Amino acid sequence: MRLAGQYALVDQALTGRENLEMTGRLYQLSRAEARRRAAAVLARLSLADVADRLARTYSGGMRRRLDLGACLVGGPKVLLLDEPSSGLDPAARREVWSYLRDLTGSGTSVLLTTQQLDEADELADNIVIIDRGTVIAEGSPALLKSRLADDRVELTVAPAQIGKAQRALEPVLAAVSGTGHTAGENTGRPLAVDGGTGRITFRVRPGSAGLTAVLRSLDEAGVGVSGLTVGRPSLDDVFLALTSGPAASPLAGEPRR
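With our numbering, the residue at position 93 of the sequence shown is 93, and numbering never jumps.
Think of the hints as simulated: they come from the structure by calculation, not from any bench.
For clarity, every value in this text was computed on a predicted model and none was experimentally measured.
Beta carbons: idealized from backbone N, C-alpha and C, even for Gly.
Derived Cβ-Cβ restraints for the label pairs, each shown as a range:
{"hint": "1", "residue 1": "Thr229", "residue 2": "Ala160", "range": "17 to 25 Å"}
{"hint": "2", "residue 1": "Arg167", "residue 2": "Ala48", "range": "53 to 61 Å"}
{"hint": "3", "residue 1": "Ala48", "residue 2": "Asp125", "range": "26 to 34 Å"}
{"hint": "4", "residue 1": "Asp49", "residue 2": "Ile130", "range": "37 to 45 Å"}
{"hint": "5", "residue 1": "Asp194", "residue 2": "Ala149", "range": "21 to 29 Å"}
Please build the complete structure, drawing on both the sequences and the hints.
Rendered as structure tokens:
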């Protein structure tokens, strides 16, 4: 079992290669095997080109990958990760995600904590959502998203018409929203309103009838729609539905600590 915490713990006075080879020796690998595994990990994490630079010259994201690499040199069967892609740019995040998928595919079990729900959606077979120390939901990403019945809609109007659009939408949203809201939430209100861009985000029951009613109400109010997207809920939507509001969400099961 190996643990990689949220902050990189590498020896700044050693090169990246020396850090990994030293770690391999601490795992009681032979010198040759430690060297071989270090080279393989450096290449897989896109650090081969900087392997012989001192770790103190690395960027934060590079040190983060080196710290993860130190856990991998020993070939762990179980890997515990605390926010593994914290501090990484998008390309490096994808590289780490790809490596973690390879690890799980080869039999390594990975338990990770993350606040980035796209990371959980990308990597996890099973997700546990914890709110204030209590487990409030558990399941696969697909299962958790299936519990939120409504479609997510984003439409764009002229910023100058945002107030008029909100007033037109309030009565119709109360009628067309499904049960995917947290208890006690005012279903006549959008999920988000961006006055600067004119973007309004809300939920409607699946199917065309609810969306048709929304567009009709805006047309009758003289509000033009310049953009519209409809999609299924994300894990962010699920998390907000589970944790927002003073009352427990109907999506959550029996809480446990």
